[in-house]
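Per the numbering used here: the sequence shown = residues 46 to 273.
These aren't lab readings, by the way, just hints derived from the structure by calculation.
Hints are not guaranteed to be accurate.
Said to hold, decoys possible - Pairwise CB distance ranges, derived in the manner of DEER restraints:
#1 Asp204 - Ala128: 49 to 55 Å
#2 Thr145 - Gly119: 22 to 28 Å
#3 Asp204 - Thr91: 41 to 47 Å
#4 Gly245 - Gly208: 23 to 29 Å
#5 Ala120 - Ile157: 28 to 34 Å
#6 Glu103 - Pro163: 40 to 46 Å
#7 Pro243 - Ser172: 22 to 28 Å
#8 Pro205 - Gly264: 27 to 33 Å
Bear in mind the structure is a predicted one, so any value in this text is a computation, not a measurement.
Positions of the beta carbon are idealized from the N, C-alpha and C atoms, including for glycine.
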Amino acid sequence: SECGFTGGRSSEPALHLTACGASPGNEAPAVSITAPADNTTVDEGTEITFTGSASDAEDGDLSGAIEWSSSLDGALGTGSSVAATLTVGTHLVTASVTDTGDSSSSAAVTVIIEGEQPPPPPPPATSATVGSIRWADGSFLFFSSWVDAWVRIDDQDGDPISGATVTIRLSRNGSLYDTLTATTGSNGEAYFANDGVPSGGCWTLEVTAVDASGHPWDGQTPANEYCT
């Protein structure tokens, strides 16, 4: 029969004792793999130490003559123990030995090398929305009036977004009055102070930009008006 790796695999490495070209009466050597276990799985770049033993009725201990090879990477070395860093894939690693009577045997284990896993995709970005707009007004000793506004920026779950830069166009009685920029605080509100304004009139604001890291703005401004 043929020499080399034949037969099925089990949880223990198989022994293959088929003599090839042996002298009459020459008994084939026995070879076994003691490490690693069959179906060992490691990450790419991990060095694996393969150990085994071999003996022969005529030649005695042949462990130092074991030849190791991979079905993917080829020859790995000779001896009772060899270390190798294998390429990614499923390897059938074979330990073979031949005695002086030209009889050979082999054993094999499967070793799986897993490639580096890609990082998980980032969570989907949640949109930024204008959650609310509120106003307040007043005057200072009858000489100066003020109209202030607060714009709250929320994520799509309704939670406040802090540190967002918000730009608005402020209009009075339908005409552009000013363009202002502010940053949201821990409560998600950006405060726009607007001092020294004429008394009376109706105010509206339009949000023109929201820069909230990881939260694309949906571009919407709720309808609003504040008359003093």
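A quick look at each hint next to the structure:
Distance hint check for Asp204 and Ala128: the Cβ-Cβ separation is about 53 Å, which falls inside the suggested range of 49 to 55 Å. For Thr145 paired with Gly119, a C-beta distance near 26 Å keeps the hint of 22 to 28 Å intact. Checking the proposed 41 to 47 Å range against Asp204 and Thr91 shows it holds: the Cβ atoms sit about 43 Å from each other. Separation of Gly245 from Gly208 is about 36 Å and departs from the stated range, judged on CB atoms against 23 to 29 Å.
Between Ala120 and Ile157 the beta carbons are some 20 Å apart, a value that contradicts the proposed interval 28 to 34 Å. As the Cβ distance of Glu103 to Pro163 is approximately 54 Å, the hint placing it in 40 to 46 Å is violated. Judged by the Cβ atoms, the range 22 to 28 Å given for Pro243 and Ser172 is violated: they are separated by roughly 37 Å. In this structure the hint that Pro205 and Gly264 lie 27 to 33 Å apart at CB is violated, the actual value being about 19 Å.
Of the hints listed earlier, those the structure fails to meet are numbers 4, 5, 6, 7, 8, in rising order.
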